[in-house]
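Based on these hints, arrange chain B on the given structure of chain A.
Each chain is listed here by its residues.
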Amino acid sequence: MAQRLKPVDVVTIGVGLTGSLAALELAKAGLKVVGLERGAPRYTVPDFQSPAIHDELRFSIRKAMMQDNTKVAVTFRNSSDETALPIRRWGSFLPGQGLGGSFVHWNGQSYRAQVVDFIYQTHILQRYGKKFLEACGPELTIQDWGVTYEELEPYFDRFEYLLGVSGKAGNIKGQIQRGGNPFEAPRSREYPNPPMKEPYFAALFRKSAERLGYHPFPQPSSNLSRPYKNPEGLDLQACVYCGFCERYACEHFAKASPQTVILPALLNRPNYELRTNCEVQRINLDSTRKKATGVTYVDAAGTEYEQPAELVLITAFALSNVRTLLLSGIGEPYDPWTGKGVVGRNYSYQTTGGPTVFMDESININPFMASGATGTVIDDFGGDNFDHSNLGFIGGQYIAGTMTGGRPIEFHPTPPGTPEWGLEWKRAVAQHYNHTITIVQHGTSTASRLNYLDLDPTYKDAWGQPLLRMTFDFPENDIRMSQYIADKVVEIGRAMGGKVVVRGGAKRPYTTTVYQATHNTGGAVMGDDPKTSVVNRYQQCWDVSNVFSIGGSSFPQNITYNYTMTIGALTYWTLDAIKDKYLKSPGPLVQT
Amino acid sequence: MICRHLLVALVTCTVAAGLGSVSAALAQTPSGAHVPDPARGAVIAAQGTRAGAPGCAQCHAFNGASDGSGAFPRIAGQSAYYLEKQLHDFSSNARVNAIMSPIAKALTPDDIADLAAYYAALDPPFLPLPDPTPALIKSGEPLAKVGNAAKGIQACDNCHGPGGTGEPPAIPYLAGQYASYTALELQMWQRGFRKSSPHQMDDVAKLLNEQEIAAVAAYYQQVRGSAGAAASR
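Protein chains in written order, with my numbering: chain A, 2 to 593; chain B, 61 to 293.
One chain only, chain A, in its complex shape (with noise of 0.2 Å):
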C-alpha cells in the first residue's frame, strides 16, 4: 500500500531540462514543486571533474550516462508484422538518466525550428499540392503543430540567452546577416555569445561550400565560446575544446546543461523539493477521469509512494513521457489498424547520416580539437530551403563539417576494403586517423500512419510494467531525401580535396544497434484537433486538464534541426500559458 505524501501544488516527472525549467519558473511564482527524477544526483563539482569524466570506455562504450535498460528498456521491431525485443544495449539512441537529463551529455548543437516547421502541412499543401503529398506516400500524416514560430520567437531568444548559445545570426527581424544562416527564422537580436572558433576540418569544409555556391556559416553552439552571465545569475565558462561533449558532462562550466543554467538558481529554493532515485509509476486519476489526483512513485529503497500534486508536469524523455501517459490510461491509444487514437501517434526520428571523406595524408585534421558543436554547416538543403517540385520527396537535411571530437575507442575510420580488425585493420587506423573528416546529414522525419509507440505486449520492466514498444521504419520519402543530398555531399567532399569520398545516405530498414541521433520525437504531439493530437498548442493533455506533457514527444512530425532550443521554446511558452492563464483559472486552455 502507498504511503501516501503530503500535497503539493506541482510534480515534475523527470529532472532534465523541461523539468528543471519547468519547476523553476512555478516556484519562482511561489508554487510547491517536487522534482521527481528516476537517476541519481550529479553535479560538475564533484561528479564531472577528470580524469574520470574522459573515460571513454565507461562513458561512450558502456553508455553510463544513460537509462539503465536493465531495469527499463525499450523493445523494437521495423513494422507491425515482427515481434519486438528489448534493446538491452543502448545504440541508435541514447536517452539519459540522473539528475539533468539528456540535457547533460548532449553536444550543444543549438538549432531554431524554421517558419515552415511549425505550419508543415499546410505550407506543403500551399506549395505543391494534395497530389504531390500523397504521391510522396500516402502513409504520410504530417500535421501543423498548433503553435506558429512567430508566437515561439520571444522563447527562442529567451532560451538562447539562458544557455548563453554562440553562434552568429543569419536574419534579424528580416535582413540578413553576413555570415549566418541566410536560411533561418527571423530572430530579434544577435546571439548572446559570437561563434566558436573554426577547427580546421570545418574550414575545409566551408571553403568548398563557398566554391559550390552554398552558404556556411557556424554551427550555434552552447559550448561557450567566452565567459558568460545568464539571465538566472550563473557563470558560464569558455570552452577549451577538450573534444569530450557528446556522451560525457562538463567538467569546465562551459555547456549549458541544468547543472550550470538552471539547477543553482532552483535547489536553494524552499519551496522547491528535489527527489532522486524515484521511479514514477504512473499518474493517478479520480474517477472521472479527467482530473489527476497526483503521482505514485517508487523510491530507492522500494517503498511506493503516492504524491498528491494539482498539477502534474510530464517532463520526462520523449519516449517516457508517452509511457508515462499509456501507462496511467490518459488519452485514447493510438491503433495502426484502424487509424484512431492518439498515444503514441506520428512518433518519428531524425534521418541523419553523412559521408567519410579520406583526405591526403599531408593534410592534418587533428579531429579531437573540437566540442560537440564547433563546426560549419550549410543550410541550402535544410527542410523546404529548395523547390521539391520535381523531386518526388518533402523534407531535407542540414550538411555539416562539425565533428564532435577525435575520441581513439570511437573514432578510427578505415576505407573501404580495409579488414574488421587485425594487423591491417591498425595499420590503416593509424594512417587514417588525422587525415579523415566526417560529414554529417541530418534532417527531417517524416511522420508516419505505419510507425507509432504503445505498450509492449510481453516484455516489463523492474517493476513490472509494460515496457514501451517502438515499432519503426525510414519512410521511402526520407530514404529519397537522404539519398539526394548524399549525392550533392560527395560533391562538397571531393571539392575538399577528398581522395576516397564514402558516400551516405539513409538506408532501410532503420537498425538501433547504430548511433544516429537522440532526438525521438512524437508519440504525445501537439495540434488543433485532439482527433489527431494528445496535447493542445500549450502541451496540456486534451483529456485530463491538469496534465501538461512537455518537450520533444509533443512534434508532430521531427524538423531539420536538433530539437533542443526548440523544446526549450516550448517549454517557456507552456510555462508562460500556465502562470498567466491556467493559474488564474484551472481547466482546458483550448476549448474542443
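Source of the hints: derived by calculation from the structure; they are not laboratory data.
A quick note: this is a predicted structure, and the numbers were derived from the prediction, not measured.
Built from N, CA and C at the ideal position, the CB exists for glycine as well.
Keep in mind that the hints are not guaranteed to be accurate.
Said to hold, decoys possible - Restraint-style ranges between C-beta atoms, simulated for each label pair:
#1 D191(B) with S363(A): 21 to 31 Å
#2 P202(B) with D69(A): 21 to 31 Å
#3 Q271(B) with R504(A): 51 to 61 Å
#4 S189(A) with L189(B): 57 to 67 Å
#5 D191(B) with D69(A): 46 to 56 Å
#6 D581(A) with G252(B): 44 to 54 Å
#7 R504(A) with P202(B): 47 to 57 Å
Then chain B, alone, in the frame of chain A:
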C-alpha cells in the same frame, strides 16, 4: 671558470641521455625550417649569447630545476612548445616581466627553439624544500583534483593533467612547480597583468581568494608527477 668547465662537460651526457624525448619534443615545435638543436641550446643555457642574453642557468640552473627560492620557476621537462611560446611572449611584451623580457629580446628565434628543445628534454631531481605546511597542502588538494562546487571552479587537473603533470604541448605541468611562482602567476592573472594565455586562466584566477591560491600552489609544489614523461608525450 671551473664551474663553466664542469657545465660544458655535463652538456654532453645530459643531452645524450635525453635524446629520445628530444626528438618527440622537436616534432611539436612551431619554428618552421629551423631544426631545433638541443646541444646548441645547452651552450646558450650555460654561457648566454654574444647578443647579450645571459645564460639561463644563472637562475634556472643548468638542469632547469632552478634554485629553491621559488623566485624562478622550474622549467625542466616543460614542453618545448610552451617554453618557446613564453619566450616569444616575453620578447613581444605579450607577457611582461622586468627580468625575462630583455633577455628574451636578446635571443633569436633559433636561440629560443634550441633552448626550448634543451630544457624540455630534462628531468632533474627535485630540490628538498623547507617546511611543508600539511594543513595548507591538504586544503589545496580538493581544489586541484575536484574543484569547488559553491564557487563554480573546475579542478585544475582537468586541463593540467592528472596529478598536474601537464597536457603538452600547450598546457604546462604544475606538479613540482615552486609554490611561490604558481601563486604569483595566479595573482598576475587575477589582476590582469598576465595576458599571454587563453582567458581560461584569468577566469579561474578571479574566482580564487588569496588563501586558495596559496593552498593550491602549496599542494602542487609537493606533487611528484613524472614531468619528463609528460613532456615527451
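How the hints compare with the structure:
| no. | hint | in the structure |
| --- | --- | --- |
| 1 | D191(B) with S363(A): 21 to 31 Å | 55 Å, violated |
| 2 | P202(B) with D69(A): 21 to 31 Å | 30 Å, holds |
| 3 | Q271(B) with R504(A): 51 to 61 Å | 60 Å, holds |
| 4 | S189(A) with L189(B): 57 to 67 Å | 59 Å, holds |
| 5 | D191(B) with D69(A): 46 to 56 Å | 51 Å, holds |
| 6 | D581(A) with G252(B): 44 to 54 Å | 45 Å, holds |
| 7 | R504(A) with P202(B): 47 to 57 Å | 51 Å, holds |
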